[in-house]
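Participant: Given only the sequences and the hints, what does the whole structure look like? Please build it.
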Amino acid sequence: MNIEKLIHILSEDIPRRRTSTYRIILSFIVRDFKVWWTYKFWLILDIVGVVIFIVTYYLFSFITTSQHVQDAGYSVGGYFTFALIGISFQHYVHFAVQTINESIRDEQWNGTLETILSTATDFKIFLLGEVCFSFIVSSTLLLMSLLIGMLLGAEFYTTLSSIISVIILTMLLIASHMDIGILSTGVIMKVKQGSPVTWAFSWLSQLVSGVFYPLKLLPWYLEWLGKAFPLTYSLDGIRRCLQSAEDLSSPVVLSNILYLSIFILIATPIALYVFKIGYDSARRDGSLGQY
Amino acid sequence: MVDYAVETIDLTKIFESKEDGIKRIVRAVDHVNIKVKKGEFFGLLGPNGAGKTTLIKMLCTIILPTEGTAKVNGYDIIRESVKVRSSIGWFHGETGGRSLYWRLNAEDNLRFYAYLQNVPKDVAEKRIDALLEFFDLTKDRKKLVKDYSTGMKVRVMLARALLHNPPILLMDEPTIGLDTVSAVETRNLLKALNKELGKTIVFTSHNMFEVEQLCERIAIMKNGRIIVDAHPSVLRDMLRDIRAVEVEVRNVDNIDRLRSVLSSIDVVNRIVEVKNDPIAISVRLQVDDEYEAIHIIADRLYSYGFKLSSIRRSEPSLEDIFVKLAREGAV
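Those protein sequence lines, which keep their order, are chains A and B.
Just so you know, we're using the numbering used here here: the first sequence kicks off at 128 and counts up by one.
Just so you know, we're using the numbering used here here: the second sequence kicks off at 6 and counts up by one.
Certain hints may be false.
Calculated cross-link-like contacts (lysine to aspartate or glutamate; reagent style EDC-like; alpha-carbon spacing at most 20 Å) [to be verified]: (1) B:K88 - A:D407; (2) B:K151 - A:E131; (3) A:K132 - B:D127; (4) A:K132 - B:E190; (5) B:K131 - A:E131.
These aren't lab readings, by the way, just hints derived from the structure by calculation.
Note that the coordinates shown come from a computational prediction; the quantities given were computed from them, not determined experimentally.
Facilitator: Set out below in structure tokens:
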């Protein structure tokens, strides 16, 4: 093609309007899907990992008693259903805590972060775009986990009101953990290394929030510590809905929702503030593209 | 009132770092004031580390200034960053082909950026086809970028900077990594974009002749400061009386001795630059008459036992200009 023809094509008038947010988000999802698809081996390993994890806890359930689970207020399904819910919703915990900082680090690693941030797209839309594909993957893994669990004999109450309650609790689980993710990304942008905040939070959260065992089995001080983590309230609420047919009319479920809402109200401005400090600091240091 | 596409007002960037507990301060960009008119082809010339890329990144809103500010297309880089970014196409050659998604093909890379830059789908497809054809990438458009050569990656990056047809192009070393033919084509395209579509182009390079060939005005940057801002003819006048010779000597045990021998030769005005490569040492010398100097320098080095591997007349370089300006007290 000669220069004249190219210039003619480039100079054709186009309507000056912003691409819709939906279209931009979709282009992030398509991009991430196409990149993800080139790692087919990892895709297979992810699925195999999920299956092995669930089968392991299924086998565990034969040597554990369900009495502790029932004492904790979850009436059907026994230990396997209890553990399955903990394991499955961990996909959302990982998504909410890790995705933003992993995406930004990937962009830095690719050398694409500065280029994206020099485009006309707003930073908030960029962040939203970065997390969408990961949300789809996490949701798929969660549904897959629950489905495999059901095939292995897990039991749930699935009334409309309990499902709606689970959706609300899941949204609060994601929002509360997203705050931790945003906060740790702010720290990472400043210190340029894996955030101790994320590491400590994920590790402790898994240990004391009742992912694999009821909180009441823990020594009093760990049980007390567990009450500081939003995952404790999310999982308790979700289990009560799916294992005991409770819903928003239950005082315990409502108190879980209240705790999570207060946590989000307090943590969101703090997380956004720390993120802004980290982002501005990276722009000041000229280190936005560095990992 | 003149309408400027780019205007910097005391734009300054200071980087602070700590090495062995000692605080280091680097003035990457130091009170730079430049005004680039709409439709102007402006060259920013300087050696590596002069501050060109930091200046361009501040104009792209990627780096915040320490002091001062700038306006791009009339928008303030600090307060109106989204509007600034809608007005620019940025190419950054220093990445050498990074800054693309290596696990996507060229057209997917371009399509993704087209949406981020508000180019409608049908227009994007047409432009992607045209740009890939122009940059000779049509037959490789479905190949993953990871399998491209550096030159091909650079061409995709150039296509990306032009895709949304912005009024201002910030071209940071756009011909770096390109073969000669692609470099010429890229220069011709930029020239045409400037002439035919009235694009404002800020073009950085450390290649003096490339900048001189393209730009209507040239600023030379060194140590974060603009030391010359002039028409290319002024630069040409500066170069006119510079005569230089480049000497390459092998197996040198003592560089100081070589320096001292070269300095003692009457026809040598000054040593401009010494490059100590593993195989040989090359020295750039300013002289009055290069043809006469070549014989005299060769004889003298031979008589002192140096193994001269080459000696030739050399085109004036940026370093020659810096030396000249320093002599005139301008730096």
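Participant: For each hint, tell me whether it holds in the structure or not.
Facilitator: Now for the hints, and whether the structure bears them out:
no.: 1; hint: B:K88 - A:D407; verdict: holds (18 Å)
no.: 2; hint: B:K151 - A:E131; verdict: violated (31 Å)
no.: 3; hint: A:K132 - B:D127; verdict: holds (18 Å)
no.: 4; hint: A:K132 - B:E190; verdict: holds (14 Å)
no.: 5; hint: B:K131 - A:E131; verdict: holds (15 Å)
Of the hints listed earlier, the one the structure fails to meet is number 2.
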